[in-house]
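Asks: Listed below are the residues making up each chain.
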Amino acid sequence: MNALWLILAGAAGGVIAGMGMGGGTLTIPLLTLALDVEQKAAQAVNLAAFVVMSLPVLAIHIKNKLVDFPAFFKASSAALIGCAVCAWFAADVPAQILSKCFGGFLIALGVWQGAAAIKNKASDKKGFVPRHRPPIRFNCLVLCESGGAYYDEGGKPR
Amino acid sequence: MGAQNEKNRGKKGFKPLYWVAAAAAGCVNGLFGGGGGMLIVPLLSGAGLEVKKAHATAVAVILPLCLVSAVIYIVKGIFDLHLTLCVGGGVVAGGILGALLLKKAGGFWLSLFFYAVMIAAGAKMVAA
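Residue numbers (the numbering used here), protein chains in the order written: chain A, 1 to 158; chain B, 159 to 286.
In short, the hints are calculated from the structure, not lab data.
Don't take every hint at face value.
Listed next, the in silico DSS-like pairs over lysine-lysine satisfying Cα-Cα at most 25 Å (straight line) [what the hints assert, rightly or not]:
| id | chain 1 | residue 1 | chain 2 | residue 2 |
| --- | --- | --- | --- | --- |
| 1 | B | K210 | A | K119 |
| 2 | B | K234 | A | K74 |
| 3 | B | K173 | A | K65 |
| 4 | B | K282 | A | K65 |
| 5 | B | K210 | A | K63 |
| 6 | A | K63 | A | K74 |
| 7 | B | K173 | A | K121 |
| 8 | A | K100 | B | K210 |
| 9 | A | K100 | B | K173 |
| 10 | B | K210 | B | K173 |
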């Protein structure tokens with residue numbers, strides 16, 4: 001496998017990760033779909049890369065007092081048990097089945113997060129009141145606000 | 159009042175459901191070698207952490223998970239040194255670049271594009 005392509009694929013995943021959008025979810029399919037890397041090998045690489053990359057990031061976060069330790073201990077204790085069991089189990093699952101399951105996970109995650117982003121955007125606009133009265137109440141709804149400032153319940157202009 | 163509230167946030171909001179969800183996120187991370195963070199961040203937000211803290215704490219939660227899974231993968235013989243060095247080097251360089259490029263979380267259209275790519279890649283993997 002051409003080392004340059006591998007480095008580029010890693011960099012693409014890393015950029016997304018650096019932006020805080022979940023890099024592993026892009027690095028793994030990039031490696032398996034575009035570069036024919038075996039599913040489990042791609043997963044192992046992603047794990048190792050995250051460990052290396054997150055150390056300096058975490059140091060900065062701790063220094064900035066952004067890590068909530070009570071929440072960290074609770075979440076990580078439960079997650080560690082689940083993780084260790086499943087990682088042990090994953091090694092014995094055929095790569096093709098693992099790959100299909102990961103695909104399903106990606107679809108679910110993409111739909112869920114995409115919907116959340118759209119919902120977030122819409123609620124951002126809720127507090128917005130246009131400076132001039134929109135010509136019909138429907139325009140207010142398109143702008144994602146009730147139009148209550150300009151139209152009454154029946155849709156008549158105030 | 160404000161400081162007290164802030165102090166108790168992580169403790170108060172951790173209901174039994176969150177333990178189950180955290181274990182499930184751990185399972186996903188162990189099984190797929192990633193993706194746990196995408197579940198831990200909303201979980202921590204749901205437990206009452208503000209966005210920045212949820213992201214930072216999620217990194218702390220995921221690090222031991224990845225370390226443990228990486229060791230298990232190596233013990234089980236799934237490890238390719240050449241692959242890891244090449245991709246890992248790229249990831250670290252890209253990560254620094256990404257963090258410098260965009261200090262705040264991605265813009266609306268960029269994240270929508272990213273989720274569309276995610277769904278397309280998922281569909282291709284399921285169909286393969």
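Asks: For each hint, tell me whether it holds in the structure or not.
Replies: Hints versus structure:
no.: 1; hint: K210/B - K119/A; verdict: 19 Å, holds
no.: 2; hint: K234/B - K74/A; verdict: 28 Å, violated
no.: 3; hint: K173/B - K65/A; verdict: 24 Å, holds
no.: 4; hint: K282/B - K65/A; verdict: 41 Å, violated
no.: 5; hint: K210/B - K63/A; verdict: 14 Å, holds
no.: 6; hint: K63/A - K74/A; verdict: 21 Å, holds
no.: 7; hint: K173/B - K121/A; verdict: 28 Å, violated
no.: 8; hint: K100/A - K210/B; verdict: 33 Å, violated
no.: 9; hint: K100/A - K173/B; verdict: 32 Å, violated
no.: 10; hint: K210/B - K173/B; verdict: 21 Å, holds
Violated hints for the displayed structure, listed by number in ascending order: 2, 4, 7, 8 and 9.
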